[in-house]
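Peer 1: Taken in sequence, the protein lines are chains A and B.
The working numbering numbers the first residue of the first sequence as 66 and each following residue consecutively.
The working numbering numbers the first residue of the second sequence as 66 and each following residue consecutively.
Derived by calculation from the structure, the hints in this document are not laboratory data.
Values in this document were obtained by computation on a predicted structure and should not be read as measured data.
Keep in mind that a hint or two might mislead.
A pair counts as met if it fits within one copy or between any two copies, since identical chains are not told apart.
What the hints assert, rightly or not - In the SDA-like style, the derived pairs of lysine to any residue whose C-alpha atoms are separated by at most 20 Å in a straight line are: (1) Lys306 / Arg133; (2) Lys394 / Thr406; (3) Lys142 / Asp447; (4) Lys394 / Thr154; (5) Lys394 / Pro285; (6) Lys304 / Phe352; (7) Lys306 / Ser166.
There are 2 protein chains.
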Amino acid sequence: MAGPLAGIRVLDMTSVVVGPICTRTLADQGADVIKVEAPGGDLLRQLGGTGRNPGMSGKFLNFNRNKRAVCLDLRDKQAQAALRDLAGTIDVFVSNIRPSSLARMGLDVPALCALHPRLIGCQILGFGFGGPYNERPVYDTVIQAAGGVSATFERSTGEPRYVPMVMADHITGLVAAQSIGFALFRRASTGRGEIIEVPMLENIASFVLSEHMGSMTFDPPTGPSGDARLLSPLGQPLKTKDGWISLSANTDPQAFAFFEAIGRPELRGDPRFCSVAARTKNTPDYFALRHAALLEKTSAEWLAIFREKDVPAGPYNTLEGLLEDEHLKAVNFIESVEHPTEGRIRRTRIANSFSGGMRDEHLPAPRLGEHTRDVLREAGCDDAAITAMLERGAAVQA
Amino acid sequence: MAGPLAGIRVLDMTSVVVGPICTRTLADQGADVIKVEAPGGDLLRQLGGTGRNPGMSGKFLNFNRNKRAVCLDLRDKQAQAALRDLAGTIDVFVSNIRPSSLARMGLDVPALCALHPRLIGCQILGFGFGGPYNERPVYDTVIQAAGGVSATFERSTGEPRYVPMVMADHITGLVAAQSIGFALFRRASTGRGEIIEVPMLENIASFVLSEHMGSMTFDPPTGPSGDARLLSPLGQPLKTKDGWISLSANTDPQAFAFFEAIGRPELRGDPRFCSVAARTKNTPDYFALRHAALLEKTSAEWLAIFREKDVPAGPYNTLEGLLEDEHLKAVNFIESVEHPTEGRIRRTRIANSFSGGMRDEHLPAPRLGEHTRDVLREAGCDDAAITAMLERGAAVQA
């Protein structure tokens, strides 16, 4: 069995999260991903908290499984040349390095794609070409604030916040992998590669505005911006006698079943709550009703009641609770595997299944430069040249 | 010019957000997407707030552009048969209807894929097969709470919340489109379709745990769960004299430039802040320092200073501000177009660019059943049969 991307080779010049989640997705689906790092290593090796050995944090392991790693100092001309040779052997090049920095190394995406017409070159950018922010440095937080994510919290709670995840990085990286898949599909019929530009701000603005442009979709606007349901101050799990649960009752049958469950069947006749349109218009009242209704029974009691009535509801899981969730346990979502240098680790299973076959050989996340010699040989470098690079520090082998 | 998915036909039996964003992505990239709705219409027609006409909310328009719409009452046997005929003319079938409900209509993914070996059938699920939650009804909030998203807010602010977007729906839908791209690529060489299962909980658990499994990645854990930087109570934009900005200074050069910018160059020698590892370990102090440092100058003053020093920083945009952002304006991110029935509307440009060609003919989001007759003809139904279905309400033409 093999994943849908088996046979595809990817040269991965990315770091932190936005690029590594893109290439991890390609790797999980069967691609041979070669991660290139400078001698200092991907910043995520340090940023991701402590592990058992330096540079091998839990977060780094999670975002870099199924990859091989080569370590090159790209200030060295011979290292640059080796990388250009390698680019001739691959299908996909992904980078989140600023285009001007890539160009200084002779490794910019347009140049590589011009040399290799079948190559798909994916340039992940903070901001797209043609706008004033284009070459500015960026992290996830910059995009969450500029892209309107933080503003959704100010609207709902009065205070701007970040989602406590690198959401802008993570989503943009998943979209980059998606875009590469589409380009691979096109290449299968045209035989030609292409250049894909994936700018973070534009992707997150698209994400946020699809949900929250709302009445501003119309010109002139038909009402205030934003989806009032999602921006409600009460947009949170519901308190029960002993904890929290989720509950959403959007259709009429779901709402009416909910009214029955809380012993208020007459509410189906209440003009504020009798239809989807009425409940949407009266979101504050409807949400307040839901919050007040659940305090007298435990989470388990409520979940049993709602399950019986087919009302969408579910448990509230902490991060530790997620590892013990009964559904995730039943589907073996958390696998326990032995990492060759880091010992026993937990890894999440690939979330989606493909009946045509899945990757079945799993590679542990690599140490810095673990595959430098192997990869440089594959690029056609001879052993003497590799040794010379290793000796002067232009390449590092773990 | 045409998008990478030009020539691909998609039968879209999805509603609300998780499925519609999947199929909108395919449509934006050039696929011919046929949206199937029951006579009541996609719930999002009502849920998305008010527009100029009933059933045509801003949110519905945003998630359903570039699609055609057919309206069928699938309790009718002839309507079911028409849909099965249509399935023989398409490349991709996507549904977020519960599998047992699809099976009752004779439209379950395994049955359709068995009939049509080139068909790619994508089943979006709340919860994967093989676990106890599998057939339970679900909305985004159920997944945010069960998947650990809400818990990240409890960890950072003391109170569980939802992200004020349908984030679990939206991300899972983008991943479904990604998975379909990979399967289309595989089909191009094997000639065979396949079944893809995309469960929401597993996808969001994977998203959250990749970021927050942290020290729990190791068994036994090497420390507490979660990424302490992301879970900081101070995980929010920074207050200036007149508003908010974002700022992240993660590498040494960025941090040292930041210390200079705030007139505290000596902090580069402070053992709490002198390296990535030191700043990560002392996140609370480092974040507190950043929050306290910016109150004396305006946002514009700080952004000019940080830009000059190449420190990642950026503006804080409200939802209205996003439409006026100078970068997004310069790249023409918001287009003003005329919708044939809804008047002048704003639409976001496709965020990513493909040098091999993009979709250039844009379809307005469809009214309920706008293309019923056209699509049924394409499925091989004769006009008399279509008229009979329309007359008895088994089909609706706008």
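Peer 1: Hint numbers the structure violates, sorted upward?
Peer 2: 1, 2, 4, 7
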